[in-house]
Structure formats: C-alpha cells, structure tokens
Amino acid sequence: MIEVKGLNKSFGDHHVLKNIDAQFHKGQVNIIIGQSGSGKTVLTKCMVGLHDVDSGTIEYDGQDFASMTFNQKKTIRKDIGMLFQAGALFDSMTVEDNIMFPLSMFTDQTLKERKARAQFCLDRVNLTTAGKLYPSELSGGMKKRVAIARAISVRPKYLFCDEPNSGLDPKTGLVIDELIKDITEEFDITTIVITHDMNSVIEIGENIQFIYEGEKWWEGSKEEILRTQNQEVIDFVYASKFMKKVRADLAK
Amino acid sequence: MLSSKKGGEGQGAKDGLVSRPFFQGFCPLSLAPCPSMIFSRERRMANFSRNYMSIFFHIGRYILWMGRVFKRPEKQSIFRQRIFEEIQNVGYASIGLVALVSIFMGAVLTIQLAYNISSPLIPIYTVGLGVRDSLILEFSPTIISIILAGKVGSSIAGEIGTMRVTDQIDALDIMGVNSTGYLVGPKMIAAIICNPFIVIMSIALGIFGGYMAGILTGEVSGTDYIYGIQYWFQPFYITYALIKTVVFAAIITTVPAYFGYHASGGALEVGRASTVSVVYSIVIILTFNLILTQMLLQ
Numbered sequence: 001m002i003e004v005k006g007l008n009k010s011f012g013d014h015h016v017l018k019n020i021d022a023q024f025h026k027g028q029v030n031i032i033i034g035q036s037g038s039g040k041t042v043l044t045k046c047m048v049g050l051h052d053v054d055s056g057t058i059e060y061d062g063q064d065f066a067s068m069t070f071n072q073k074k075t076i077r078k079d080i081g082m083l084f085q086a087g088a089l090f091d092s093m094t095v096e097d098n099i100m101f102p103l104s105m106f107t108d109q110t111l112k113e114r115k116a117r118a119q120f121c122l123d124r125v126n127l128t129t130a131g132k133l134y135p136s137e138l139s140g141g142m143k144k145r146v147a148i149a150r151a152i153s154v155r156p157k158y159l160f161c162d163e164p165n166s167g168l169d170p171k172t173g174l175v176i177d178e179l180i181k182d183i184t185e186e187f188d189i190t191t192i193v194i195t196h197d198m199n200s201v202i203e204i205g206e207n208i209q210f211i212y213e214g215e216k217w218w219e220g221s222k223e224e225i226l227r228t229q230n231q232e233v234i235d236f237v238y239a240s241k242f243m244k245k246v247r248a249d250l251a252k
Numbered sequence: 001m002l003s004s005k006k007g008g009e010g011q012g013a014k015d016g017l018v019s020r021p022f023f024q025g026f027c028p029l030s031l032a033p034c035p036s037m038i039f040s041r042e043r044r045m046a047n048f049s050r051n052y053m054s055i056f057f058h059i060g061r062y063i064l065w066m067g068r069v070f071k072r073p074e075k076q077s078i079f080r081q082r083i084f085e086e087i088q089n090v091g092y093a094s095i096g097l098v099a100l101v102s103i104f105m106g107a108v109l110t111i112q113l114a115y116n117i118s119s120p121l122i123p124i125y126t127v128g129l130g131v132r133d134s135l136i137l138e139f140s141p142t143i144i145s146i147i148l149a150g151k152v153g154s155s156i157a158g159e160i161g162t163m164r165v166t167d168q169i170d171a172l173d174i175m176g177v178n179s180t181g182y183l184v185g186p187k188m189i190a191a192i193i194c195n196p197f198i199v200i201m202s203i204a205l206g207i208f209g210g211y212m213a214g215i216l217t218g219e220v221s222g223t224d225y226i227y228g229i230q231y232w233f234q235p236f237y238i239t240y241a242l243i244k245t246v247v248f249a250a251i252i253t254t255v256p257a258y259f260g261y262h263a264s265g266g267a268l269e270v271g272r273a274s275t276v277s278v279v280y281s282i283v284i285i286l287t288f289n290l291i292l293t294q295m296l297l298q
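Protein chains in written order, with the working numbering: chain U, 1 to 252; chain A, 1 to 298.
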C-alpha cells in the first residue's frame, strides 16, 4: 500500500499540491483523475521521487520514501515500475534489450535467464514475436505494451501508469486497460493510473481519487463517482453531451 | 485556476529554480536576435544582471551535476560495455572528418609559410618546422577539438536532450539508475581515451599533407621539408598538446551533455540546446586553451 500524508509541493510561488492525503491499495487499480493542470502528474512525479516534496510523507508499505536519501530510495525504486505516456522506451535498444535492461542493471541473472524473463513478459502482453524490433518500428499501442512488459520484468510491487490510453484508439485503449487490471490482480501489486479517460475509470477503476486545483477533492469507487453530488466531480465526469445523457438516464 | 503542468514540467522547474533556459532572451553568446535590445536601459540592466547571475547558477549546477558523473556505476560490466560503444560513436566515427581536415590544414600551412618566407636569410626548411610546431601546438589539439565540439557535441546534446523530453531519463531515474553517470560517464571516458589518438593522427596527417603540398606545388623540396620537421624538436610540445586534448575532450562531451540533460519542452528546445551547447563548448575550449597555454608554456 502507498500512503500519502499532508503532501505539499510548490514551484516558486506556484503552490501546485496542497496538503494531499491519499491511500492507494494493494491489488487494486487506483485511479487519479482531474483536469489538465490540476496537479496529477506532479503528484505522481513526487511519489516516484522525480520531484522533491516541500512537506509531507509518502509511505511505501510503511517506509517514508520522501525523507530517504538518494541511495536509500534505490531500494524502493527497484520495486517500482512506471509506464510513461509515450512509453519512454530506449530508442537505441531492441524491445528485448529494453525489457532486459532493468534485469541487467539490478540482478545477477545470466543472459539466458534474462532472455527467458523478457520472453515471458512479452508473451504476457501478447507481443511474443516483437523482441527483435526497435521502438521506432512499433505502433503506439505496441509501445505501451512493451513499456508494461519492461515495468513488470523486475516483478514490481508498485506500478505507475501515466495516461496509458492517451493517443490510442478506444479498442486498443481497452486492451491496455484490461492488461493493467489483469497484471494488477495476477501479481498482487499496487497500481496507480493517471487518466482523463472516463472509459478507463469505469472499466478498471476501483479506488478513484479526484484532484482539483492541487487538492484531493473527492475519493470513492466507480459506482460512487457515477452517483456523486459533488459539483466539481460532476463537471469533470459529465463534461460531454454523451455523459450528460448517461447521467440523465441514471437519474431515471 | 491552477496551471500546475506549466510549473511542473522541465528540469529547471523540477529544481524549483529557473525554468526558462538562460540562453533565451538577452545573452552575449546567443545566436538568436536579441529582443532585449529594444528595451529600456533599466530593463536591459535587469536582464543583464539576471542572465549573468544565471550563468553562475549554471556553473554551480554543472559542478554539482558533474559530481553525479563520478559516482560508482550500478554495474561495472555494463559501464565498460557502454565505454566501448561510445568509443565507436565519439572516436571512431570522427576519424574520417579529422583526417580530411588535417591533411588540408597541413597543406595550406605549408603553402602559406612558403609564400611568406621570402627572405633568402631564412632557410626553406623552416617551412617544415613551422608546419610541425603549428600543428602540434595549436592546430591539431585546438582546432580539431573545436571541430569535434561541433560534430560530437551537437550529437550528444541532441541525443540526451531527446532522451530528456521523451521521458527516457526519467525512466532511468525511476528504475534507480544514476542517469547522469550512465549516460555521460562513458562518453567522457571514451573521448578522453580516443581524442589523444585522434590528435596524434591529426598531427601525422597534417605533416603528411604539408609534405605532399610542398612537393606538388614545388614550393619546398621533400628533403628540406623532412629536415625541417626534425629540426629542433621539443618533445614537451607533444605532452602539452595531449594535456590540452584531454581537457578539451572532457569539455566536448560534458558541456553538451549538460545542456541536453537539462533541456525541457520539445524538438525546438532540443535543437536550441544543441546549438547553444556547441557555442559554449567552443568558448570554454578557447578559454581553457589560453589558461593551459599560459600555465604549461611559461
């Protein structure tokens, strides 16, 4: 479980995160939603240690990550997998080498063991034959799946996904969503997904956190978010005409 | 309404300091037109002081950042492998260009020296001596390093800058890899290993180019030229050239890497970082050239 307590982060005079308290549960897909510029990405970057926090704690299974030194953080970071918006695959390496990279860096596995693990991860994301391709030869959806394969190669305890569906068609987005959910349950990991996509929220969201103007505004399940009376959440969730119609139908 | 994204993106913002690249706007070394020239005197003074303070900020950040380059690598075997890869990229790939430039440099030096030695009191073999010493003392270590700053430096800034804006560096950091050490260390070591050989090769090819030019134009005979290049040879000049080359090798790799590593935004910013890194590398090389010459040739 990851627990954030009283988290504050500013850039100069700009107070981006204001006293955020949130819990992200093990074995669940925890979703962070909010408008562009509300602080979701900054919150995630603080949680993985890419930004230093001004105050507050970030506890990974009881260990305060925010107060650790660079070397202490390494022990936690080895348990973190992250899926970036654009995949962030290393261009100069093949898909197989990308997946083997964290294993080569942090384990003493032989080449044969690493290749076997990479193939297992590729099989798991349904890209069995893509090992020898370079990232430039992959489609957007394939890149995301390879990034998931790389993230799970080190058997992470925590998986962060930054807008995993952005730039994908709805069908491919659904494949990625299902993959994230399956992996979360299969490996019993704490998954945190940042998204704007309400389809993802409804499809895989179990614990949903709504960030509004840098504050944690609302928290609940996917059933609760559909029936909430919170105006800011309603404005976000039912922004489109289609969703407004859904809300009207729900009200009936 | 907050605009946290704006504040949250980029390395400068990450550190909570200057998020705007310091080379934008007024900068004495900027290649871009300078909009601040149309500002009021007070505004220009403010910009001037801010940008010079910004230079101190970057010098401090560069020194702290270099501290991370020298940290122990996560895995020695991968680090060694990366050094060999970079020897290919930084050193081997530059040999053709350096060879071409060196031969022509030596040839032109020979013709110019022969043209300028008009007095019958000065023996013609001094052309060989002049070409040799010019190449060893200045042309091969400094001019070749400046050429490499353009070729290798822009490539390094572009590569690392692209990695930054596509989150590849963040991916390394999240994995627990010291991204600075992993990306920059092998490039710097590769250049420090390769560049002395490249400069020695440049000296040899420059002298050969001069020999060929002397013979083909009939300005200097082969015998005079060969006598000249052996006349009053100072072995310390080679040491001096190699010391300069090693210092320049570190500048050529780390300054562009610094600019690339701290790039933010998109392709335009990476391009700008690449251009500015080359300009700064050349200025720093020229500055260190002066300092080292004063120190070593006193």
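In case anyone wonders, no lab produced these hints; they're calculated from the structure. Check before you lean on any hint, since a few could be wrong.
[Unchecked claim] Straight line, CA to CA, 27 Å or less: simulated DSSO-like cross-link-like pairs of lysine-lysine: (1) Lys71(A) / Lys74(U); (2) Lys75(A) / Lys74(U); (3) Lys132(U) / Lys45(U); (4) Lys181(U) / Lys78(U); (5) Lys45(U) / Lys151(A); (6) Lys78(U) / Lys71(A); (7) Lys73(U) / Lys151(A); (8) Lys45(U) / Lys75(A); (9) Lys132(U) / Lys75(A); (10) Lys78(U) / Lys132(U); (11) Lys151(A) / Lys112(U).
Note that this is a predicted model, so its numbers are computed, not measured.
Restraint status (C-alpha distance of Lys45(U) to Lys151(A) at most 27 Å) = violated, 35 Å
Straight-line alpha-carbon gap Lys78(U) to Lys132(U), limit 27 Å: holds, 25 Å
Query raised in the report: Are Lys181(U) and Lys78(U) close enough, with their CA atoms no more than 27 Å apart?
Result: holds, 21 Å
Hint check: Lys75(A) vs Lys74(U), CA-CA at most 27 Å. Holds or violated? holds, 14 Å
Exercise. Are the Cα atoms of Lys132(U) and Lys45(U) separated by 27 Å or less?
Worked result: Given that 27 Å is the threshold and the Cα spacing comes to 31 Å, the pair is violated.
| said: For Lys151(A) and Lys112(U), compute the direct alpha-carbon distance and say whether it is at most 27 Å. | reply: violated, 38 Å
Worksheet entry | Pair hint Lys132(U) and Lys75(A), alpha-carbon separation not exceeding 27 Å | holds, 24 Å
message = Holds or violated: Lys45(U) and Lys75(A), Cα atoms, limit 27 Å.
response = holds, 26 Å
Exercise. Given the hint that Lys78(U) pairs with Lys71(A), does the C-alpha gap stay at or below 27 Å?
Worked result: At roughly 19 Å apart (the allowed maximum being 27 Å), Lys71(A) and Lys78(U) satisfy the hint.
Exercise for review: Sort out whether Lys74(U) lies within 27 Å of Lys71(A), counting only the CA atoms.
Suggested key: holds, 14 Å
query = Taken at face value, is the distance from the CA of Lys151(A) to the CA of Lys73(U) at most 27 Å?
reply = Violated. Lys73(U) to Lys151(A) sits at ~37 Å, over the 27 Å cutoff.
In this structure, the earlier hints numbered 3, 5, 7 and 11 are contradicted, and the remaining ones agree with it.
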